[in-house]
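*Asks:* Using the sequences provided together with the hints, build the complete structure.
Residue numbering for the sequence shown follows our numbering, starting at 1126 and increasing by one per position.
One thing to keep in mind: the hints can contain errors.
Said to hold, decoys possible - Within a straight-line C-alpha distance of at most 25 Å, the following computed DSS-like cross-link-like pairs (lysine-lysine) qualify:
| hint | residue 1 | residue 2 |
| --- | --- | --- |
| 1 | K1396 | K1361 |
| 2 | K1396 | K1283 |
| 3 | K1417 | K1391 |
| 4 | K1417 | K1283 |
| 5 | K1361 | K1347 |
| 6 | K1396 | K1417 |
| 7 | K1361 | K1398 |
| 8 | K1361 | K1321 |
| 9 | K1417 | K1398 |
| 10 | K1398 | K1283 |
| 11 | K1391 | K1361 |
| 12 | K1321 | K1347 |
| 13 | K1321 | K1391 |
| 14 | K1283 | K1210 |
The hints are simulated quantities; they were obtained by calculation from the structure and are not laboratory data.
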Amino acid sequence: MAFLLTFLGILGVILTFSYFSYRTVFFASRKNRGPAPKFESQRFEDYRPELLQLSEALEQRSFEAVTIFSQDGLRLYGRYYENQKGPIAICFHGYRSNPMADFAASSQLFTRLGCSLLIVDQRAHWHSEGISITFGIRERLDVQSWAEYAADRWPQRKIILYGVSMGGAAVLMASDLPLPENVMGIIADCPYSSPKEIICRVGEHQKRHTRLMWPLIRLGAKVYGGFFIQETTAAKAVSASPLPILIFHGEADLFVPPEMSEEAEKANPEKVKRFTFPGAKHTLSIMADPEKYENCVRAFLNSL
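*Replies:* What follows is the structure in structure tokens.
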């Protein structure tokens, strides 16, 4: 009897700590989902006025609201911006971020290059349903679903998958999935190499013992989120990808270090082209050197 009580006590402690790990890392409350971005982080300091203007311009553009259902039954929301029936760039934002922030600058770039835009709210963000952020594990299946939606609706048009930060990791993780034939290429800006590595990296940056706590974090994801956080990685998916991939990374990125996207490049050097940007912080390569960024995207699109 004493053994059973001790076992149940230990199990209760493990489940309690794993629950708090799940709430801290993966859970997204609906009441905390994004107002319009204000770019308050210090990393935006050099570009804040311009980013606010660009974000406001995106907010003011007319769009068609679209919804699909994820493979596990969540209603996902997106905004479609038509542009002369050109290629369609499907855009996926970052962790606990906002599409009006992450695509403030790139939306104008893709429009200049003749692309239509399908800007989506990731699961558990903004207008999309869900309460668990899975760091690309289930988001990669949402990428597949959005690509299938676009291919069914516009079967004659090229599709580009574009992601930033967690969105970048998600599109890379989707790169080995069965995607529609008109998905021609993938662009990932500052993607991380794997969910485990970015979670541990951020935890260490915040002076938390994340690697020591990893078994509890992994358990929390499985028990309370219903997903296996180590199901795949960006590098693993890219190694088997048949698609051309373009990767950008700021050399001054302190959130997702450049070495993480380098892993994806090394996993499939024949398919991946990677460009780094001196002095650019997380998600800000496009602001640090917009001409280089645009030239790389234009050349990539022209090669497809």
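*Asks:* Are the hints correct? Go through all of them and say.
*Replies:* Each hint tested on the structure:
1. K1396 - K1361: holds, 14 Å
2. K1396 - K1283: holds, 18 Å
3. K1417 - K1391: holds, 22 Å
4. K1417 - K1283: holds, 23 Å
5. K1361 - K1347: holds, 21 Å
6. K1396 - K1417: holds, 20 Å
7. K1361 - K1398: Holds, because 17 Å separates the two Cα atoms, which is no more than 25 Å.
8. K1361 - K1321: Distance of about 13 Å is within 25 Å: holds.
9. K1417 - K1398: holds, 14 Å
10. K1398 - K1283: holds, 20 Å
11. K1391 - K1361: holds, 11 Å
12. K1321 - K1347: holds, 14 Å
13. K1321 - K1391: holds, 19 Å
14. K1283 - K1210: holds, 10 Å
Every hint, counting from the list given before, is met by this structure.
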